[in-house]
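Chains as they are written, first to last, in my numbering: chain A, 184 to 302; chain B, 492 to 602; chain C, 7 to 139.
Simulated from the structure, these hints should not be mistaken for lab results.
We treat Cβ as the ideally placed atom computed from N, Cα and C, and that holds for glycine.
Incorrect hints may appear among the rest.
Claimed, not checked - Coverage of chain C stretches by chain A, computed from C-beta distances (three or more under 8 angstroms per stretch; other residues unrestricted): (1) 46 to 55; (2) 90 to 102.
What the hints assert, rightly or not - With a straight-line cut-off of 25 angstroms between C-alpha atoms, the simulated SDA-like cross-links for lysine to any residue are: (3) C/Lys24 with C/Val118; (4) C/Lys80 with B/Thr511; (5) A/Lys267 with C/Ala75.
As the list claims (entries may be wrong) - Simulated restraints, written as ranges between beta carbons of each label pair: (6) B/Leu513 with C/Pro111: 27 to 37 angstroms; (7) A/Gln196 with C/Glu95: 46 to 56 angstroms; (8) C/His78 with B/Gly568: 33 to 43 angstroms; (9) C/Ser122 with A/Ala209: 31 to 41 angstroms; (10) B/Lys565 with C/Gly108: 36 to 46 angstroms; (11) A/Ala273 with B/Lys501: 27 to 37 angstroms; (12) C/Glu112 with A/Gln238: 32 to 42 angstroms.
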Amino acid sequence: MKFGILILEGPYQHQAGDSAYNFAEAAVAKGHAISGLFFYCDGVQNATTYMTPPQDDRHISKRWAEFIAKHGVDAVVCIAASKKRGITDANLIKGARIAGLGQLTELGIESDRLIAFGD
Amino acid sequence: MGTIDMAGKKLEVDEDGYLTNLDDWSREVAGEMAKGEGVEMTEAHWEVVDFLRQYYDEYKIAPMIRILTKEIGKKLGKEKGNTKYLYELYPGGPAKQACKIAGLPKPTGCV
Amino acid sequence: MAGEDLNEEERSEEDKKKFLFLMRKAPYGSIYPQGGLEVILIMAAYDQTISVLFADDGVFCLKKGQETAGIHVKDFSSAFKVLESYGVEHLYVDKTSLEERGMKPEDLLTGVEVVSSDEMSGFLSGQDVILPF
Numbered sequence: 184m185k186f187g188i189l190i191l192e193g194p195y196q197h198q199a200g201d202s203a204y205n206f207a208e209a210a211v212a213k214g215h216a217i218s219g220l221f222f223y224c225d226g227v228q229n230a231t232t233y234m235t236p237p238q239d240d241r242h243i244s245k246r247w248a249e250f251i252a253k254h255g256v257d258a259v260v261c262i263a264a265s266k267k268r269g270i271t272d273a274n275l276i277k278g279a280r281i282a283g284l285g286q287l288t289e290l291g292i293e294s295d296r297l298i299a300f301g302d
Numbered sequence: 492m493g494t495i496d497m498a499g500k501k502l503e504v505d506e507d508g509y510l511t512n513l514d515d516w517s518r519e520v521a522g523e524m525a526k527g528e529g530v531e532m533t534e535a536h537w538e539v540v541d542f543l544r545q546y547y548d549e550y551k552i553a554p555m556i557r558i559l560t561k562e563i564g565k566k567l568g569k570e571k572g573n574t575k576y577l578y579e580l581y582p583g584g585p586a587k588q589a590c591k592i593a594g595l596p597k598p599t600g601c602v
Numbered sequence: 007m008a009g010e011d012l013n014e015e016e017r018s019e020e021d022k023k024k025f026l027f028l029m030r031k032a033p034y035g036s037i038y039p040q041g042g043l044e045v046i047l048i049m050a051a052y053d054q055t056i057s058v059l060f061a062d063d064g065v066f067c068l069k070k071g072q073e074t075a076g077i078h079v080k081d082f083s084s085a086f087k088v089l090e091s092y093g094v095e096h097l098y099v100d101k102t103s104l105e106e107r108g109m110k111p112e113d114l115l116t117g118v119e120v121v122s123s124d125e126m127s128g129f130l131s132g133q134d135v136i137l138p139f
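Could you put together the complete structure from these sequences and hints?
Structure representation (structure tokens):
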């Protein structure tokens, strides 16, 4: 099955982003495909290089960057949400791209299931 | 960042020429912005600007292009309700250029 | 003004999906309702079947007479009025949610279909994609 993943909450504040990551890993481990990630609202903060968490905590954006590289997943960060938060190509994780909400529509069309992780 | 000079008063605009403070808009300011864009404002141009401002005033959003052409067709006449007509008036695009001159916020680029 | 740079090629019917937006939260308490609305306004350019269901505190999104100047945020409720012209097929409001909040359809700023919980579960299962906001 092809899963699209929508992330609506920010890192280290809410469980949604962690659940999204755990779900994506589990889906791939079970032989499913991730058709794309879409970071929206505060979710865009998961995809920045701003964070430097302590070594005994998970590194949320690094974890996503590795996941994207390893599985060749398309990761889109909403442009409007990024602009509000000062996120640009200069502080975006590798493998992600800034684009519009139309990409979320495309993801909904392409995926067998679109799963939203939010509050 | 830039400014538009209006009778000695400097109005702030962003790097793409959109007004920073939407309240600064007036017909004179619109005329000045159009000049900067190389657009000569005729009655047909003002019709579109007035339509966009009314729409924004009522709904607080700029209409997407398909709706803009449909509504303009309804309001101003069928022969005007198409993208070709709007691009002839505003070669920079109804969303980008006409909204800028009409003093609407910059589109987020969320397509 | 979305859609200006879209390649206007027609989608085949197989690509057309039924999207339902589930609005469950009060406006201005969080970004969710506005975030959902913005997705709807963009998605409308993509020739999909779109419905919106307002339930729980989400029914407050449609309350007439929202005045936001005092809290210095944009009143985005007016934009719900354009959805019909944008081709959004149905605006549903959950009857129980509306009643629990002492509201009537006349209190809402746009025409809606008031539906019971039973009807709701019926059409929820008929959707391809449900987006909770």
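Sort out which numbered hints this structure fails and list those numbers smallest first. 2, 7, 12
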